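J.: One-letter residues, chain by chain:
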Amino acid sequence: MRRREYWILILPSIFVMFGLLLIPIYRTIEWSLKDVNYGEAGTFVGLDNYVRALTDPRFGSSVLFTVGLTLSVMVVVIVLGYILAVLVNNLGKMRPLVLGIILISYVIPNVVGATMFSWLFDGNFGGVANVVIGWFTDHDVLWFTETWPNRIMVGLNIVWAMLPFSMLILLAGLQGVPREIIEAAKIDGAGTMGRHLHIILPSIRGMVGFVAIITIMDVLRVFDNLIPLAPNAVLNGNETIALYTYNMAFQDGGQELGLGSVINVLTILIMLVMLIPFIRNTMKEAKSA
Amino acid sequence: MIRRPSKKAALAVGIGAALLLSGCGAGSRTQDKNAAEVPCEFEAPGSATTVNVLAYNSSAIDPFTNTLVANCTTDEVDVVHEPVDFAGQVQRTTTTLAGAEGTYDILETYGYIIPENAESEKILPLNDLIDKYGDTYGLDELSPSMVEAMSYNGDVYAVPMQAQMYIMAYRKDIFDELGLEPPTTFDELRDVAQKIQDSGEYQYPLALPLLASSDIATAYDSALGSLGVDLVDHEAGKPNFDQPEAIQAFEELKSLAPYMDPQVTTFDQPKVQQQMYNGDAAISIMFSGRMNDLVQESNSPNFDKIAFAAPPAVVEGGKQYSTLSVDGWSIPANTSLDEDMLFNMIGSSVSEKASLAAIPAAYPARQGLVTAENSPYGAAANDAIENAPAAEPFPYTAKVSNAVRPVIAEVFTGALTPEEGTAQMQTIAQKVLDAE
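Top to bottom, those sequences are chains Y and B.
The opening residue of the first sequence carries number 1 in my numbering; numbering runs sequentially from there.
The opening residue of the second sequence carries number 1 in my numbering; numbering runs sequentially from there.
Isolated chain B, as found in the complex (with noise of 0.2 Å):
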């Protein structure tokens, strides 16, 4: 007998079929809107072959991996990418380097941690397929500072896909209302942000991500950088807190406590996006590659009010208060499917009119591809990528970084004094230097 398909049995069909149109693209932000149709060609592999690629969700990243999934797979060739969030990524790039096999093909990194994987030898040196296949993909408009930044000891790590930088929005309106421009040093940002409680539409006007697990150290290193002082005097192989900066870093910081949510120090850069969509803060300070959500209409009420300059400078006549990040593609060196045909996928991917498709949503690593017409921010974004403090490429930089960090939240939220806070950091990241 044949049975017909039951209401429920349809129901379930029904349902389950909308589960799985709403999971395809789920974590990708901006889903295949912003791949690019460009050419991905390489020799076939002549078997079955699936390409696993490693590459955290988010606005600025996305239009890469679309770009690089939709153009390269084929037939013969899955390329697989799955939903990731930023310390999923950073934790499966551990593991995937780790043994003499890796799970993935194709990595997305990010300067910071290049040196270390350089280093020993965990992803390839780049060069020589740069040579072979720079004209087919245009590799030479790549700004060279950006293929500075994925390089080390001389060698090329990874073709740099995107770069983020500090940038700083704010409420245009209220700005207008109260007659203010936008702060160029830390003290016109105090000055603007008092006014702004002042005139009580706002009791905490500015949103900074100070997440104490996380964001807390680049803030402190994008201030210490401001100020001209990097986190390590590299030629003498010791830590900079013993200097005078360091604990001026932490006094400007705070000076901003007063104008910020008693609880930032549980906001990352979601959270600081939320407060910016809900109304609740008028200024903030984020990374480049968060700045295009503020303008969409979909995420909130005020994405008509919000304009962009770059960041403010710790002092005047310092560098901006700012980390420039460079994203791009490494092979790992345990993988076992062809370099060729992975450096082209990756080639695809940045190639520019990929670049081009990325725009407003991140900032390619193209040369003069940005412009104040084609992007919100864009004015705001090459005036801070030219002002950012340099980053320091080292191997020991990162482990810096994330040792002192939980000194850094400390201090900033008054449990230790900037001074005893620097001499414990200094001894922290001495220890960190004298390990490596």
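Next comes chain Y alone, as it looks inside the complex (with noise of 0.2 Å):
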């Protein structure tokens, strides 16, 4: 290719990186350090709105229901999804209808999504799941108020809406482990277990990384789920990062755009602080190929 071609070909990403991912960063950054509102410049006040947020209990609070929600949501997001995989691909004819079924709650708004969910718990809208509970015991549980009940039917939001995305990535990894490998553990001996953990989920670990990526960044920024499901968030120490954001931000009109940005510029921190043991994963295996 010639270096004419290869600029012509490649300049409108760079124009669609600059406009989209390093202005905004670059905005985002520079907003930390000021006073700012809508339609203004802005004054700069140094590390002012930094140390606002960080002395600030509510954001540590959310830091860490934040954390701990992406990383059980990301354990529980691979292994049903691996498992529903190796289902789905020892499937025949019915594969395709069962993908399409599994697929919907991933192709459904997360706002929507969410809110078809709460309905299982809330018995102005029928409450299904408070009916089954009520089969087996006469204690109430207050989804919406009690803060683990809360948390686990969050977690239990966000695992239906990401498992269909894990589960097909897995099952295209599946796809890609050449039989005979598969073929000479069993004439080995080894079991069905030995042969998922030794043979073909290591087969598969770039896969598995990439979807922990995926939903390490996906549920970090949670945010529209929790409308419907958490309306108690604050009270009961379920609000994440980006609903903090929202709360301090912009709740009633509010124009705290600095207060904004330096969540923002932290929360980027803590998803690379996250995600380096997978993308350090990633380039030694980018390296070894």
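I should point out that these hints are in silico values taken from the structure, not numbers from a laboratory.
If you're wondering where the values come from, they're calculated on a predicted model, not measured in any experiment.
A few of these clues could be false.
In silico DSS-like links for lysine-lysine, alpha-carbon gap of 30 Å or less [as the list claims (entries may be wrong)]:
(1) K305/B <-> K319/B
(2) K431/B <-> K34/Y
(3) K254/B <-> K172/B
(4) K254/B <-> K305/B
(5) K34/Y <-> K399/B
(6) K238/B <-> K122/B
(7) K34/Y <-> K319/B
(8) K271/B <-> K305/B
(9) K132/B <-> K399/B
Assembling the complex is the task here: the two chains are given apart, and the hints tell you how they should meet.
T.: Following this line, the structure appears as structure tokens:
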């Protein structure tokens, strides 16, 4: 490829990256050092906004909750996604139909899916889950106001929404594992668990890493699911970082763009820290390939 | 070769058309049926013009918005209103008023935020336009108290369209069966709720909108106002949370908790409506704009069992447990369109004919329009509007209320005692006032 053709092909991507990635990141960092309202240039306040965020116990609580939620969901999504992928991989003619049904939760917009999900636990709208629990116990579970039931409900919803993605990627990975290796393992006497743990999983660890990266990035930014599912998020300590950003910066027509920017910068840093092991692994694999 | 449309294509077109049709009026619960046919005359701008209207969708606001859009759109002028909820309107109001140019040309606004936007000159005073067009649209028949609620420092900043105040809705069949009368004080409310609970028909007979992230602050303000105390001592410039009534308001609200769903801090007004629709609650108190929905057959099997009364006072002889909120149309200072044209649009949407068409969904701002005959909750609303605590029209009122809201929620749920909570609220509110 000639140098000119190369630049013609790559320039649109550079413009898009510059406009949609670098400028917003630059502006976010700039605003994090300013007291700024809509339509104003803002005034430089140094690290005041950082001090404000980092000394707010609500921010610490939201970071802990979000990181905990992310790690829990990631583990569940990978484990269940793998099991589902194995089951679907063994299906015959029914595979496209089952795949189509499983993918429904992934294509529904988060806020719509979360609202419908909340109805399962809300007596006002039937509360099917409450009815089922009522068969076994007289105890009313307060899904929306008690901390742990609410956490479980939020986690279940995110797993429900993300599981199809995980299953799909891992299914693609499974289909790429050479059958000869699995047959050879069988001949060598490897049992079912052994084949999965020592043959198949190592073969698709790149895919597992990819699912982990995407899950971490998605769950760290969870916001819209909480609107219907956690109306008492602030009270019961189930405020995610993104919801905290909204509540502090924009709720009631607020204009705390500086504080909101600080939280975004800190979120990016948290995201990077959590992604480092997976990115390092991916880079190692790329080098060895 | 000419291809005949396939069945699949026809099906796709059919589905698309159905989606488009269902999308028309999306967000508008009343759609065009409450849009009155009224004249909307203004000097043509001379070129294609778009007028963007910002107004949240609710049963009480939609009739006025629909009237404005339906009658003021011409070949040359396109009046555009996108569906939005209240939180969205609050956010968009802030952003559109922030810069030298805004997105919207007509804003739905309310008494709570007018002082703040008027003081910062983000919305226009309308006195001259009211003088000029008052006779055309009969604006002298607007309720003086509602015009006052749209004013700041002697200037009128919005044309009032409708008011909302708390109304009590109750199940008349249950009350009749148990021989109960609508309560007029919190003492009576507790007594009535206890009797309904004891009858075994309802586990939680009372439903109030106490959503921790919004409504609970209005509820506390209403209780405090009913006890005769404002959020702020406006002369002294200090909050009133150090007054004994501040603690009493909490105690009175918390005393209702045994009669409400344990998850009531997640209830916004639609959820309280849902409780009444389902028959899960026998008594509710919420804004009047929500009342007409309760008696719609399409909403609930209990539509014909609902009766209305003014809300009770927290203590005997006090003002009612209520908040008066007046909505109106204002013109942002940063609009580039002709103010006369915009005012004519506003005027036509609040004309007598338009206001009458808005009943019973709304309580229009024109005096004497709402009666017991034309509105199922008309008598209750007329009583309630007379006896609601006075509004606090100051630029800092909304900021104080928003700032103390998380503490109010913590006190209500028992995380803080009323004494601890009011002490924290006093400090927080004082900071807000000092910053002003």
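J.: Can the restraint linking K254/B and K305/B be considered satisfied, given a maximum Cα separation of 30 Å?
T.: Answer holds: K254/B to K305/B is near 28 Å, not above 30 Å.
J.: Quick one, are K238/B and K122/B close enough, alpha carbons at most 30 Å?
T.: Roughly 26 Å separates the two Cα atoms, so the pair holds.
J.: What's the verdict on K34/Y and K319/B, does the C-alpha distance respect the 30 Å limit or exceed it?
T.: violated (46 Å)
J.: Given the hinted pair K34/Y and K399/B, is their alpha-carbon gap at most 30 Å?
T.: holds (22 Å)
J.: Given the hinted pair K254/B and K172/B, is their Cα-Cα distance within 30 Å?
T.: The given pair, whose Cα atoms are some 25 Å apart, holds under the 30 Å limit.
J.: Check the hint pairing K271/B with K305/B against an upper bound of 30 Å on the C-alpha distance.
T.: Judged against 30 Å, a Cα distance of about 19 Å means the pair holds.
J.: Is the straight-line distance between the alpha-carbon of K305/B and that of K319/B 30 Å or less?
T.: holds (28 Å)
J.: For the pair we were handed, K431/B and K34/Y, check the Cα-Cα distance against 30 Å.
T.: holds (21 Å)
J.: Assess, step by step, whether the Cα of K132/B is no farther than 30 Å from the Cα of K399/B, and give holds or violated.
T.: Measuring from Cα to Cα gives roughly 35 Å; hence the hint is violated.
Checked against the numbered hints given earlier, the structure breaks hints 7, 9 and satisfies all the rest.
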